[in-house]
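These protein sequence lines are chains A, B and C, in that order.
Each residue of the first sequence is one higher than the last, beginning at 3 in the numbering used here.
Each residue of the second sequence is one higher than the last, beginning at 3 in the numbering used here.
Each residue of the third sequence is one higher than the last, beginning at 3 in the numbering used here.
Be a bit skeptical, because a hint or two may be false.
Intra- or inter-copy, both count: the list cannot distinguish identical chains.
Stated by the list, open to error - Only pairs whose alpha carbons sit at most 30 angstroms apart, straight line, appear in this in silico DSBU-like list of lysine-lysine:
#1 K258 with K207
#2 K26 with K232
#3 K232 with K255
#4 K207 with K255
In short, the hints are calculated from the structure, not lab data.
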Amino acid sequence: MRTPPDLRALAQNAADVLARLRAKTSTTPPRVHCITNSVAQNFTANVLLAVGAQPSMTISPDEIGHFAGSADALLVNLGTFDRERAEAIDIAVASAGAARRPWVLDPVLIDRSPPRAALARELLTRKPTALRLNAGEFAVLADNQSPADFAAAHSTVIALSGVTDTVAGGTQSASLANGHPLMARVTAMGCAASALVAACLAVEKDQWLASVAGLSILGVAGEIAGEVWKGPGSFAVAILDALYHLQPAELAKRAKVS
Amino acid sequence: MRTPPDLRALAQNAADVLARLRAKTSTTPPRVHCITNSVAQNFTANVLLAVGAQPSMTISPDEIGHFAGSADALLVNLGTFDRERAEAIDIAVASAGAARRPWVLDPVLIDRSPPRAALARELLTRKPTALRLNAGEFAVLADNQSPADFAAAHSTVIALSGVTDTVAGGTQSASLANGHPLMARVTAMGCAASALVAACLAVEKDQWLASVAGLSILGVAGEIAGEVWKGPGSFAVAILDALYHLQPAELAKRAKVS
Amino acid sequence: MRTPPDLRALAQNAADVLARLRAKTSTTPPRVHCITNSVAQNFTANVLLAVGAQPSMTISPDEIGHFAGSADALLVNLGTFDRERAEAIDIAVASAGAARRPWVLDPVLIDRSPPRAALARELLTRKPTALRLNAGEFAVLADNQSPADFAAAHSTVIALSGVTDTVAGGTQSASLANGHPLMARVTAMGCAASALVAACLAVEKDQWLASVAGLSILGVAGEIAGEVWKGPGSFAVAILDALYHLQPAELAKRAKVS
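Looking at chain A on its own, in the form it has when it is part of the complex:
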């Protein structure tokens, strides 16, 4: 049923997504509205700015409809789970849906919190364009389904972060082997990955390709940062620098897809 992706073409296609993002940066940078946790907000905003997108971050129920409906993509990260935020998520997802904008769900740590898992399950019924999460979080939702089967059943893409990332759509799947071990020693790296998937969805309608592109961009930037790091502090600085300088040709060359 599943067509094996043309891997030689895939890295180039991911690079084309980055090229499209960059082409818009100086004129109309795609805006990603981020409902994200307070630990991750600053780093996520800087990751988006570094790659050439524009972040907005309000979570106020009174105004989030205006922001989410006019954004080019929406990120819903459950890492802070206060009551105002839950209300804001509801409005934002409705607003993005009405405006037919892509949105990414990042169900942070649902494996530790039953109320958060319940919210993630409910949000899943509202058709996120992509889910970015780790294996522990996926297990809570998956009921032993494979990523590909789960993606097919929910008309979404599963972007599963790990030592090797897996990006599974309903009909195709890829493994991404870039990245650096130190990415696990800097907070909000997964949240940043989700934001980059959202940024790519803003310029690429194919939800699977956009997810491959988003995770590849971060993985390759991490690899480049890993060539100069002296520890997790300087690594976090270097990955922002790498995101800023990353050229599509270098992404195509370095992306380890299989």
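Since the structure of chain A is provided, determine the placement of chains B and C on it from the hints.
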């Protein structure tokens, strides 16, 4: 009606404001109470500490009166617009007013959110000492008035950030041409500018001069950081280092006022 | 009544605490649940990750019981004092108590806010394992008692930060003379110290020794960062790198206990 400022004197006067701030740093650093958005809090606190001021950041309605009334200046940034924060702003502005403390309004992204614009308009009637904002935000409030006319009508100063900054008081105006393009690729840079204006207002009663000083300090620090940057991550680090080391004589020499 | 600690052994014992933390890092890193202020969240999370612990940060009353009860230690920092957080603190302390987990109270700026001081006094009756604070904050609680008498009266440890740190238990006390002046020019450094004390309490039951270890680790890392700093921005980056690389033997050698 408007006296052209003595530009040769102006850069030196801005440097004197920085010298006054520095003189107090080791003994009684001016405290700036910041009601600011959660994306900007950490960077804003570090900018204030780097330049030699003291930040405080609570937004709790239960205690903000104590903090704002005893601070040397108050910053009200609308970048996060939750309900508790709106209540806190009301108390803090009243408390600063009663204690005759200067306060700065930064109406972040009011061009994207009608409820936020409505709050900004209401706060304008409460006489902020200075408004720091960008052109899109100013247009929402200005009703086609020029910055100088608007400043005169509201007894305030308009500190307008852009490629060239404009600082317009009721009777005088200056352009500031320092800064670096990468300042637009690091989040919370505008918020930091507003915090620096507040820090300068804590040591300089002339609200126009304090605003010129605040924006010049950041612009020159950005220029210095731009001499060593490798990307937006290292630029954000370098601007904190530059703020810490910036000497009044160097500010006077580098400030491009006209 | 008070036994003078064996200082030669103490530095080595602190190093052993770090060794125990490091031994768990790659398999079961101790998780520290942090209720901390929004200014400090990101830096605190990165400090914990750098040293090899695992942070979690939710403050939602709906789920904090799950997080705090399953964590290896709890940090309660009063630096943001909103209503939801006060409710979360109540639940988290009860949950940590029921699971017999150690917890650290950091009563940030209670010298500026009577409502916050009242909350700190109430939390003190709930037996924090350690209190990490500065002299101004301690004075609000101490009623002229010495740190050692106060610690004895409340069955806790007072970890008092200053140019020289004092760690006073009911029966023993030590002074720590590491650190760097620039630690006062980076926000959330005290909050990070409290988080490190919590991380050490997760692997060391002796609450006095764990507190000595936590403050020594940060002080020595600050000293190392101070050897390469160019300003507060690069210092904050370097201290994360130093925490990551710090070896128990180096801690034992550098720790200036007396």
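Going through the hints against the structure:
1. K258 with K207: within (22 angstroms within a copy, 46 angstroms between copies)
2. K26 with K232: between (33 angstroms within a copy, 22 angstroms between copies)
3. K232 with K255: For K232 and K255, both the intra-copy (25 angstroms) and inter-copy (22 angstroms) Cα distances are at most 30 angstroms.
4. K207 with K255: Within. Shortest intra-copy distance 23 angstroms satisfies the 30 angstroms Cα cut-off; inter-copy 51 angstroms does not.
When the structure is compared with the earlier hints, no violation turns up for any of them.
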